[in-house]
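J.: Here are the chains, one letter per residue:
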Amino acid sequence: MDLTPSAEQEALITATADWCADNMPLEQARQRPIALWQELEAMGWTAMTAPDMGLDHATEAVVFAELGRHLAPVGLVPSAVAARWSPHAGKAALALLDGSLEGGMLRVFDPHGAVQALGLAGHLAATTELPRDLDGGPSLDPTASLARLDPAPPFEAIADPRAALHLQLLAAAFALGCADAARDMAAAYAKVREQFERPIGWFQAIKHICADMAVRCAVARSQLYYAACALDAGADDAAFHIASAKLLADQAALENGRANIQVHGGIGMTDEAYPHLCLKRAHLLTFIAPARRDILLGDAA
Amino acid sequence: MDIAFSPEEQHFRAECRDWLHVNVPSEPRPLHAADAIDFDKAWQRRLFDAGWAGINWPREYGGRGLSIVQQVIWLEEYARARAPWIGANFVGINHGGPTLILNGSEAQKALHLPRILSGEAIWCQGFSEPGAGSDLAGIRTRARIEGDELVVNGTKIWTSFAHVADWQELVVRTEEGSHRHAGLSWVICDMHTPGAEVRPIRKMSGQIEFAQVFYDDVRIPLENVVGGLGQGWKVAMSTLSFERGTGFIADQVKQAQELEDLLARARQTGAIKDDRIAGDLAQMRAEVAALRAMTYRNISEVVRTGQPGPEASVIRLFTAELGQRLERMALLLAGEGILDFRYGEDSLVAEYLRGFAATIAGGSSQIQRDIIGERLLGLPKSR
Ligand SMILES: Cc1cc2nc3c(=O)[nH]c(=O)nc-3n(C[C@H](O)[C@H](O)[C@H](O)COP(=O)(O)OP(=O)(O)OC[C@H]3O[C@@H](n4cnc5c(N)ncnc54)[C@H](O)[C@@H]3O)c2cc1C
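Chains as they are written, first to last, in the numbering used here: chain A, 1 to 301; chain B, 1001 to 1383.
Hints may be right or wrong, so weigh each one.
Stated by the list, open to error - To give an idea of the interface, some chain B residues facing chain A are shown, with a C-beta separation under 7 angstroms as derived from the structure:
#1 A1286
#2 A1290
#3 E1311
#4 I1372
#5 P1380
#6 S1382
What the hints assert, rightly or not - Just a sample of chain B residues kept apart from chain A, beta carbon distances all over 10 angstroms, derived:
#7 E1009
#8 P1025
#9 I1055
#10 S1178
#11 K1203
#12 N1224
#13 K1273
#14 Q1368
Stated by the list, open to error - Chain A side only, calculated, beta carbon under 7 angstroms to chain B, not exhaustive:
#15 D2
#16 L3
#17 T4
#18 A58
#19 A187
#20 K207
#21 V215
#22 Y226
#23 C229
#24 L247
#25 L248
#26 T270
#27 L296
#28 L297
The set of hints was computed from the structure by calculation and includes no laboratory data. Ideal placement from N, C-alpha and C gives every residue a C-beta, glycine not left out.
When you get a sec, could you build the whole thing from the sequences and use the hints?
T.: Here you go:
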C-alpha cells in the first residue's frame, strides 16, 4: 500500500506544471492558440493510457489534476478516454448527452479540430463521429467553446464499463485541479491584499475560508488517488471509489470557486480577474459523468 | 501508487483478527466510573499478557514495536472487531508513556513504563487550566523549589480520568515571573499526594469523566521532573512526534461502521426515501472513503520520509467534524425517541452529547484552521 506519488510520478507532475506555466498561461485561458492542441498531443497527454503509452490511471490522474489546475482545454478529458476505448482515432470533443435526451439537441464542448465526440450515455461511455470543421461559440465557461448539434447524431456505446469510469475519473482530476487553482489564487491574494493595515489573510474570517479550501482539496485529492488505484487494480468497488472522487472533487471545485471570489472582494467578480474562470469551469465539470447516488449508497444493480 | 497490502501484511492482519476474535470481551464497557476503570484495566492487562500492549512502543520498553503499516492494520482490525475503547489508559499509553520514553530518566522509565503497559497504573493529563485552554502557554499553576522538592499551587481543569488516576503528567511554571512557553516544567505527580484535591465534573451527557484538580502546597520530589527544569514546553510537544498520524484510525473505522449501521437503519425504516437523508448518507459514504484514503496517504508519507505530511491537521479536523455529522444523523434517524434520554444511559444521545469534545479538546477546530491556514497555505500568523 502506497498512496503517495512515486518519484517518477512526482517528476511528471513537476514537468507538467513547468510546461503548463510556460506554454499555457492563465492569461490565455479564454483564447488558447489554435496550435496548442497539437502541442498537448505531442506531450502525450491525449493518450497516456492508450496501448502505445500504456501508463496506469494513477499516473494519468495526477497529471490531469495538474493540467486541470492550469485550466487546460476540457477536450483533453474525452480525448484521453477515447484514445484508450474509442474505435475512432483523433481528438474527441466533450459531449453532454443528458441535454439531448430532453430536447433532442446535443451540446459539444471544445469541438475545434475534433473528429468525434465522447460522453456518457446512461451507464456507458459513447462516441459519435463529428461533422468536419465544426466550430464552437461562447459558453458559460469562457475557456470552453460550445457547439450545438440539432438533432443529436446517434451515439455508439462503448461496451466496456471501464470507459465510463475512466471518463469520470479524469473529470474528477480536472475538478480537483480547478479547486487547487482557486485555493492557490485565494491564498496568494490573501497574503498581498492589505486592509486595516495588514494582509487580509491575517484575519481569521479569511484565513479559515482558505483553510476550508485546503481541506476540500486534500480530501478530494486523497480519494482521487485511491480511486485511480482501484481502477488500475480492477477492484470490485472501483465504481464506488471513482464516484466518491467525482462527488468530492466537484464539490471542492464549486465551493472553492465561490470562496475564491469572496476572498477577492470586488475585483473577484469582474470579468477581467481570473477567479470567475475557476467557478465557471467548476460548473461545466459537474455535468461530466456526475456521481450517481445509487452507486454512492452501494445499491446500484 | 497502489492500494494492495503485501502478503506479509495480509498475514499479519489475519494474526490480529484471530487474536481479537477470541479475546475481545463480549460485554460492553460499563457506564459507571468504578466499574469502567476495572474493565479498562482488565482489558489492558489482557492485551499486555498477549504482547499487544503499546503497539507503537519500542520493544526494549516492553512494547510491540510495530511498523507504521502494521499499526494501521492492527488499529483497523481492532475497530472492526469492535474491541473496547482504550478508556482510562489513554493518557498513559498514548501520551505519558511515550513522553517518558523520549525524555525520561532510566529510573523514571523503569518505574512507570511497565505499570502503564500492564494497565496497573492509570495516568491523567494536567495541562489545561481555567485561564489556559487553547492558549496553553498561559499556564499559571506554579511550583517553587524547596530543597529537593517542588511545591505546587494552583489548579488544572478538564483533566480526564483525574478521579481514578494514580499519576498525572503535570505542566507547571517553575520559574517565577517567566512568560509564555519559557519557565515551564513537565512533572510526574502522584495523585495521592496530600494537598491534591480532585473535584469531578459531570458532562452534559451525564457521565463523570473529567475533573478539576486543586493543588495546595503539593510536594513533588524534584526527581519527578522529566526532561529538565524549564524544559516543559519542549517535553510536552515532543510527544507529538511519537504519534505519526495513526491517532485517528480506530475512530475512522468506527465511523465507517456507524455509517453502514445508519444506512441499514434508514433502509429498514424507509427514511432513505427522504431525499435529503439519502443525499447526506451518500455524501458521508464518500467522505468516509476519502478520509481513509487521506490517512493512507499520510501513512505512506511516513513510510517514505519518516515524517507525517503537513496534512495531518486536515485529517484531525475532518475526522472530528465528520464524526459530529454522523452523530447528528443518528439522532435524526432515531426521531422522537431521543426525548426519553436520561442521565446514566449510554445511548446514541449520550454519544452525540459527548461528541462535542471532538472539535474542542486537544486543539479546537478553530485552532486547527489557523494551523492549516498558516502552515499549509503560508498565511500570516494571527497569534
Ligand atoms: C472532553 C474533554 C476532555 C479533556 N481532557 C483534558 C485532559 O485530560 N487534560 C487537559 O489538560 N485538558 C483536557 N481538556 C481540555 C482541552 O484541551 C481544552 O478544552 C481545549 O484546549 C480548549 O480550551 P478551553 O476549553 O479553555 O476553550 P477556549 O480556549 O477558551 O476556547 C473557547 C472558544 O474560543 C475559540 N478560540 C480560542 N482561541 C482562539 C483563537 N486564537 N482563534 C479563534 N478561536 C479561538 C475556541 O476554538 C473555542 O471555540 C479536555 C477537554 C474536553 C472537552
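J.: Run through the hints listed earlier and report the numbers of any the structure violates, in increasing order.
T.: 7, 14 and 26
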